[in-house]
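Once you've looked at the hints, dock chain B against the given chain A.
As a plain string of letters, each chain reads:
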Amino acid sequence: MSNKDMTIHLKVWRQKDRKDAGRFEDYTIPNVSKDMSFLEMLDVLNEKLVLDSKEPIAFDHDCREGICGSCSLMINGQAHGPEKATTSCQLHMRSFSDDDTIVVEPWRARAFPVLKDLMTDRSSFDKVIASGGFVSVNTGNAQDANTMTVSKENADLAMDAAACIGCGACVASCPNASAMLFASAKISQMALLPQGKVEAAQRASEMVKTMDEEGFGNCTNHAECEASCPKEINLSNIARMNREFFKSKIFSKKG
Amino acid sequence: MALNLDSKIPEGPIQDKWEKHKFNSKLVNPSNKRKFSVIVVGTGLAGGSAAASLAELGYNVKSFCISDSPRRAHSIAAQGGINGAKNYPNDGDSVWRLFYDTVKGGDYRSREANVYRLAQVANNIIDQCTAQGVPFARDYGGYLDNRSFGGAQVSRTFYAKGQTGQQLLLGAYQSMMRQVNKGKIKLYTRREILDIVVIDGKARGVITRDIITGDIERHVSDAVVLASGGYGNVYYLSTNAMASNVGAAWKAYKKGAGFANPCFTQIHPTCIPVSGDHQSKLTLMSESLRNDGRVWVPKEKDDKRHPNEISEDERDYYLERIYPSFGNLVPRDVASRNAKLQCDEGKGVGETGLAVYLDFRDAIKREGEDTIRARYGNLFEMYQRITDESPYKQPMKIYPAIHYTMGGLWVDYNLQSTIPGLHVLGEANFSDHGANRLGASALMQGLADGYFIIPYTLGNYFGTNELSKVDTTHPEFQKCEDKAKEQINKLLGINGTRTADDFHKKLGRLIWNDVGMSRNEAGLKKVISEVQKLKQEFWSDLKVTGTAVGVNAELEKAGRIADFIELGELMARDALARPESCGGHFREESQTEENEALRDDTNFAHSAVWEFKGASTEPERHKEELTFENVPLTQRSYK
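Just so you know, the sequences run in chain order A and B. What the first sequence shows, in my numbering, is residues 717 to 971, in sequence order. What the second sequence shows, in my numbering, is residues 44 to 682, in sequence order.
The following block holds chain A by itself, in its conformation from the complex (with noise of 0.2 Å):
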C-alpha cells in the first residue's frame, strides 16, 4: 500500500458543553498518510468541517511533540491509543490499518469534568500540586548546588518520576480514576532527594488529602495507569508514597 490511501472511520465524542448530554458522531476521512500523526488526521478532519460550515472538534494540544500534556485523547478504549508510551499527539497513523474504524472519547473522570467534545477539565492537578508538589524554597534562598550531593542512584530514580507531564491518563485508564501514580511520582521525586526532605511527610499528607478532596477515587492495584503513561512513570512510586504517607501519620508531631 502506498503511503496516502489510507480511509479511516472515526466516531468522535461530541459535546457542546459541560452540560450538554454528548453523542458519538461518525466521520470518514480518505487519504490518510501513514506519516500523519494523530491529531494531524484530526486536522485534516477539522479543514474540512470549517470548509462545510460545520463545526470543527475541540481537543486539547499544544507542543505537539510528547511534553506539555494537553493533548489527551481515548482512542479505542485506551489512553493516547494502542502504542507504549506514547501521547496522542506522538502516535502516527501507521499504528492503524486502511478502513479501520478508530473510537476517540475525552477522557472520563469525575475530577475531570469534560468542558467541550474532547476537551476537559484538569485543573484538579494543579491543585495537587499547590498542596504539597513543592520544595519551600524563596528565590535567593539557595546555597551552592555542589554543595549538597545526590547519589547518581537517586538523582536517576528522580529524573524518571519527575517525567510525568501531567496529561492524566493515569486517571482516565483507572477504573477508580485514581490520581495515585501522578501523586506518587511527585511525593517520590521530591522523597528520593535531599532537598525534599525537610516538608515530605507534610507533602505526602497534604497532596493526598487534595486528591481525595478534588475526587479522585482509590487505588485498587489495578496498574492500568503505569500501563497507559505516555512517561512510563514506574508503580513503584505509588509504593514509596504510601510509605511516605504513613510515616506522616506515625511520625506526626501533631499526633
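Be a bit skeptical, because a hint or two may be false.
[As the list claims (entries may be wrong)] Partial selection, computed: residues in chain B whose CB lies under 7 Å from chain A: (1) Glu99; (2) Gly101; (3) Ser112; (4) Ala120; (5) Gln171; (6) Thr173; (7) Ala174; (8) Gly176; (9) Arg181; (10) Gly185; (11) Leu187; (12) Ile255; (13) Ser318; (14) Lys324.
Worth flagging that the hints you see were computed from the coordinates, not collected in a lab. Think of the CB as a built atom: it goes at the ideal place given N, C-alpha and C, for glycine as much as any other residue.
Positioned in the frame of chain A, the structure of chain B alone reads:
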C-alpha cells in the same frame, strides 16, 4: 512621538554595573509590597519564575496563560540544557568567558552590559533550581554533571536527561503553585491577551478572552510583565507549540512599545525533516546530539543509496572539514547555513533532498550503545516514533527549522519597554542574544530575567513612579474592550472561503522562502508586497465558523494569524533595512569569500527599533547604537 531608547546602562566597569545598579535602585518596604499588583502574562520559564519570585516578595500577582495549566508553557519542550559558569569541570570557564562567548555568539549585536549580567546571575539559577529539587544529571560522586554545547569550548551545560526545559519549568511552576496556594498569585488559565491597557502613559492592565466561555475580561494592575514567548510561529512550521503566538507583544507594539530586530530569527540545525503537506509542526532534536553525532552528506550529488552503503571515503563530513577547531559544534546559524548550502548543491538526502545525516555510528563504536542510550535514549526514541527509523542502526536525517526568535520588544537595562510599567522578559524581549543565540542560553535568559532581574527592577519602578488610582471602570478599559470585541466581530463576519490555517500556511511559505535562512534585497522587496496582498485577502476571504461565545479554536487562530501577517511584513522590512549579514540574519549581498556572514560594524552596530505609526503608515526605524568596550569586535571564526 519618538521612542525613548535610553538603555539606562549603569556607569562603571562592567563587572560592577549590576551590583551598583541594585544598590542605587529604590526599594519597596516589605509591608508596602502587598499594596502593589502585577500582571504577569505567560507562565514559561520567564513568566513562571517572575510570578513566583514577585509573589514571594509580597506583591499581588495575577498570572495569565493560554494553556489549561501553567505547567504546559512551551519552555517545557527545551531539551538540551542550561548554561552556567560554575567551572565545576575545571576546564577554564568563568563568568567572563560565558559573557564573551555569548556576545561573540550573538555576532556583536547585543548589549554588553545585559549579557554580562546574564552571565553573572547564571550560577545563581543553577543553585536555585537545584534547591527546588530539579533533578539535574549527576556523576557517580553525586556531583552535578556538565556537557558541552555548540559555540563553546568548555563544558558548562547542566542538564536533566533530554528534558531540561521540562524540569526547570516544573521547578518554576511548583514555586508558582506554592504561591497560588498562599493566595499571593491568582491564576487565570486558558486566557488570550487581546490588548494592553495604557493609562496616562503607563501600562495598567490587560483585556483578555476566556477561551472556554468566550468572555471578554478587564484586569487592572500597577505594572504589567510580558513573558509571552517568541514569534517563531510566523513561519507556520516551527518548533514552537501550536498556541505560541505574538499577540500580547504585538498589541504592546501597537500601543507604543518599540519592536527590536524582528528579522533576527534562529534556524535550528537539527530538526526532523518535513514529511508532507499535512505537517503541523516541526520537532527539534537537541543540539546536544552534535556532541557525539557527526554531520555528513554523500560526496557525490544525488547519491540515493542507503546511508549504510556509503563508504567512509564517499562521505563528506563537511563541518569537520570546513571548521576543524569547532567541527560539529559550530554555532547554530553556521551549522544551519552549511546544511542549506549542501542541499542547494544537490547533496541533500532523503526523499525530499532537504536533509543531511547526523551519524552516531562512530560514537556507538567508541563508547558502546548503552552509553549513547543513556545520553540520548529519549531523543532517539522520539526520532524513531516520528520517522520509523532507528538512529542506533542508521544515521538520523536532520534539516534546519525555525526555533527561536532573538528579536522582540525593546527593553532597557531594567527590562522595561518603551511603555513605562510594561516589562518584557524571556524570549519576548530582544535583550541578550544579539543576532544569534547560543545553545542552552534560552533557559538561562528566561530564568535570569524572572528569578533575578525583574524582582529588583520592578521594585525600582514602583519606588520611582507615582501611580494614579485606577480601576477597570476607567474609560480606557472600555475603549480597549470595545476595540477587541470589534476585531472579533470583524473576523467572524468576513464569511469568506479560506480557513485560518490556509492563510497561515501561505504566510509561512512566504516568510520561510524570503526571510528565512538567507535573504536578499529583491526577495525582501517582493515578499513585503506579497504579505500586504495576503493581508487584504485575509480580511476579505477568511472563513471562521462558530460564534464569539464558548470554545472557538478557529476564532483564536484567526486572531493570531492577523497579528502574524502584520509581523511578517515588519520582519521583511527589518531584514531589508539591514543590508549586512550578522548571526542568523544572512544577507546574500554581504558574505565573505568563504560564504560566512559579513558584518558591517561601521554602519550597523546597532539594534533597529521599530515604532508603530498607525495601520496605514509605514513604521519608523530607530537605532540604539551598540558599543563594545570589553569584547573586541572581530569577524566571528569557528575554524
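Each hint tested on the structure:
The interface hint given for Glu99(B) holds, since its Cβ lies 5 Å from the closest Cβ of chain A, which is under the 7 Å cut-off. The beta carbon of Gly101(B) comes no nearer than 11 Å to any beta carbon in chain A, farther than 7 Å, and the hint placing it at the interface is violated. Among the interface hints, the one on Ser112(B) holds; its C-beta lies about 5 Å from the nearest C-beta in chain A, closer than the 7 Å criterion. Hint on Ala120(B) holds. Least Cβ distance to chain A is approximately 5 Å, under the 7 Å limit.
Here the hint on Gln171(B) is kept, as its CB sits about 5 Å from the closest CB of chain A, short of 7 Å. Here the hint on Thr173(B) is kept, as its CB sits about 4 Å from the closest CB of chain A, short of 7 Å. Taking 7 Å as the C-beta cut-off, the interface hint given for Ala174(B) holds, the closest approach to chain A being about 4 Å. At a threshold of 7 Å, the smallest CB-CB gap from Gly176(B) to chain A is about 5 Å, leaving the interface hint in force.
With 7 Å as the threshold, the beta carbon of Arg181(B) comes within range of chain A, its nearest partner Cβ sitting at about 4 Å, so the hint holds. The interface hint given for Gly185(B) holds, since its Cβ lies 3 Å from the closest Cβ of chain A, which is under the 7 Å cut-off. Using the Cβ-Cβ criterion of 7 Å, the hint placing Leu187(B) at the interface with chain A is satisfied: the shortest such distance is roughly 6 Å. Below 7 Å, beta-carbon pairs count as interface contacts, and Ile255(B) has one with chain A at about 6 Å; its hint therefore holds.
At about 4 Å, the closest approach between the beta carbon of Ser318(B) and any beta carbon in chain A falls short of 7 Å, and the interface hint on this residue holds. A distance limit of 7 Å between C-beta atoms decides the matter here; for Lys324(B) the minimum to chain A is near 5 Å, and the interface restraint holds.
In summary, the one numbered hint that this structure violates is 2.
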